[in-house]
Structures are given as C-alpha cells and as structure tokens.
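Participant: Sequence:
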Amino acid sequence: MSSGLTGFRHTGLLVAAAILTLLMIAVVFPGLFTGRDPLASDMSNALTAPSLEHLFGTDHLGRDVWSRVVHGARYSILIGVASTALGVLIGVFLGLIAGVSHRRIDEAISRVFDAVGAFPDLLFALMLITLIGPGTGNVIAAIAIASAPRYGRVVRAETLRVRESDYVAQSRLAVASAARRTVRHVLPNALGTVPVLATLGVGTAIIGAAGLSFLGFGPTPPLPEWGSMLSDARQDLRIAWWVGFFPGLFITITVVSVSVVGRQLQRRFERRSGV
Numbered sequence: 295m296s297s298g299l300t301g302f303r304h305t306g307l308l309v310a311a312a313i314l315t316l317l318m319i320a321v322v323f324p325g326l327f328t329g330r331d332p333l334a335s336d337m338s339n340a341l342t343a344p345s346l347e348h349l350f351g352t353d354h355l356g357r358d359v360w361s362r363v364v365h366g367a368r369y370s371i372l373i374g375v376a377s378t379a380l381g382v383l384i385g386v387f388l389g390l391i392a393g394v395s396h397r398r399i400d401e402a403i404s405r406v407f408d409a410v411g412a413f414p415d416l417l418f419a420l421m422l423i424t425l426i427g428p429g430t431g432n433v434i435a436a437i438a439i440a441s442a443p444r445y446g447r448v449v450r451a452e453t454l455r456v457r458e459s460d461y462v463a464q465s466r467l468a469v470a471s472a473a474r475r476t477v478r479h480v481l482p483n484a485l486g487t488v489p490v491l492a493t494l495g496v497g498t499a500i501i502g503a504a505g506l507s508f509l510g511f512g513p514t515p516p517l518p519e520w521g522s523m524l525s526d527a528r529q530d531l532r533i534a535w536w537v538g539f540f541p542g543l544f545i546t547i548t549v550v551s552v553s554v555v556g557r558q559l560q561r562r563f564e565r566r567s568g569v
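Going by this note's numbering, the sequence shown opens with residue 295, and the numbers climb by one from there.
Rather than coming from a laboratory, the hints here were simulated on the basis of the structure. Keep in mind that this is a model prediction, so the values were computed, not measured. Errors might be hidden in some of the hints.
As the list claims (entries may be wrong) - Derived Cβ-Cβ restraints for the label pairs, each shown as a range:
(1) Leu-333 - Leu-307: 32 to 40 Å
(2) Ala-379 - Arg-532: 33 to 41 Å
(3) Thr-315 - Ser-335: 26 to 34 Å
Each residue gets a CB set at the ideal place from its N, CA and C atoms; glycine is no exception.
Given the sequences, and given the hints that come with them, work out the whole structure.
Facilitator: Rendered as structure tokens:
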C-alpha cells in the first residue's frame, strides 16, 4: 500500500513538473506553440467551434482561443510568481524585524499580520485594489500585501527560536554586531519552510490574479490574461462553451500542478526536519 502510494505520488510529481516546464516555456517562447496573433480578430470566424484550424475555437471577435491561452500564460503565471516573490520579501523583512526587535515593535508588526491575515487573500486584495486602482502592477502589489503575513508569521516564529540558539549566543559573546548576527546567523536559519510556502503560494496568487482580472481589475483588455478571458466569455457561454472552458482549464491545471510540486517539497522538508 505504502509503495503504491509512493509510486503514485512520484508519477504525479513527474506529470506536474512536466506541465509546469511546458508552461514556463510558453511564458518565455509562446511562438513555439502557436504562430497566431492573440490579438488579431476575424469577425467572419467569430465563435467558431474547436477544429483542426482553431484547436480551442475562437471567441466573439474571431480571435484564436488557443493562441490567447498560450500567450495568456505569460501574464497569469508572471503575475502569480511576481506577487508571491514580493509577498515573500515583505513578509520575511517584517517577520525578521519583529523577531529581533523590542517587544513593542514585535507586537505592532504582529497586530498588522493579524489584521491583514484575518481576511482571505482575495478579499483583502480586492479591498486594497479598489483603493489603489486597477492595473497589472497594482494587482501584484495587492496580492503580495495580502499574502505577506503568511510568510511573516513563519519567519518571526523561527527568528525567535533561532535567536536563543547556542551559535547566536556565541556570536554575541564574540561582540558581533546585531546586523551581522541577523544576516549571518538568524536569517538563513529563520527562513524555515518559507520556500515551500512560497511554492504553494504561487498557486493561490494565480487564482487571486485570475479573480481580480475576472472582476476587471487586472491587465487592460485585450491582453490575453486567463482571468480576463473568463470575464469576456460570460456573455457567450450558452452558445460557445469553449471560450470560457479552456482558460478555466489552464488555470486549474496550473494551480493543481503547482500544488503537487509544493506538497512534495513540504513532505521532503518535514522528513528532513523530523516533523
């Protein structure tokens, strides 16, 4: 039973890794998968069903859905990765400051984490983006701020633990500066599960970006972002199922693949740390 489950997980990991590899190639070299312009419209072929000529059919403007899905990977995935990276930077910085600072500063930062973390990521990002306005950069910033407490809490907890360890105490005796101790001893050991959480966070960020784009806050149309494609498809779903099905399918496949890889990294980290 155990060996069968291990084999299943290994196969799932390979499939997920292969899918993510193809998606990253599509992000960098979309022309390898399609030669069509994702913005080119052809009203004479509007809402054409999937065929050999148009693998995923066409939308209400006659644009090739396959080409738009392929090119849309660049926007959807890069927004997910960029917002996660920014969220990690914010969270790690604030978590580290909270862990090494005076109790009042620690409490202030912790309260900020609690206040932001009290809301689901998408809801807080939605509230924030209504204040700062739509656009790709603002979507990245909103999702990053919403996700930062997830990483900040982990880094804070690990920083408090590492700060009392023997080698940090020895560095104090060696009269090492606080900044040097933090950078050389505390930070590398306080990161803990942050890389694993960040991998899982990419999937959450992609969903969040798609949701905000669906509501009209993402990249400006006609850019082919998956969430905005879903939004455009609403008016035609009854007569052209493919215009919304394929962008939604790629969002699902991407998020599931990221989750599979992230869970596998989590299991390996737990085995190494003896959790």
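Participant: Is 32 to 40 Å respected by the C-beta to C-beta distance linking Leu-333 and Leu-307?
Facilitator: Taking Cβ atoms as reference, Leu-333 and Leu-307 lie about 36 Å apart, which means the hint holds.
Participant: Return holds or violated for the Cβ distance of Thr-315 and Ser-335 against the range 26 to 34 Å.
Facilitator: With Cβ atoms ~32 Å apart, the hint holds.
Participant: Check the following: the C-beta atoms of Ala-379 and Arg-532 are separated by a distance inside 33 to 41 Å.
Facilitator: holds, 39 Å
Checked against the numbered hints above, the structure violates none of them.
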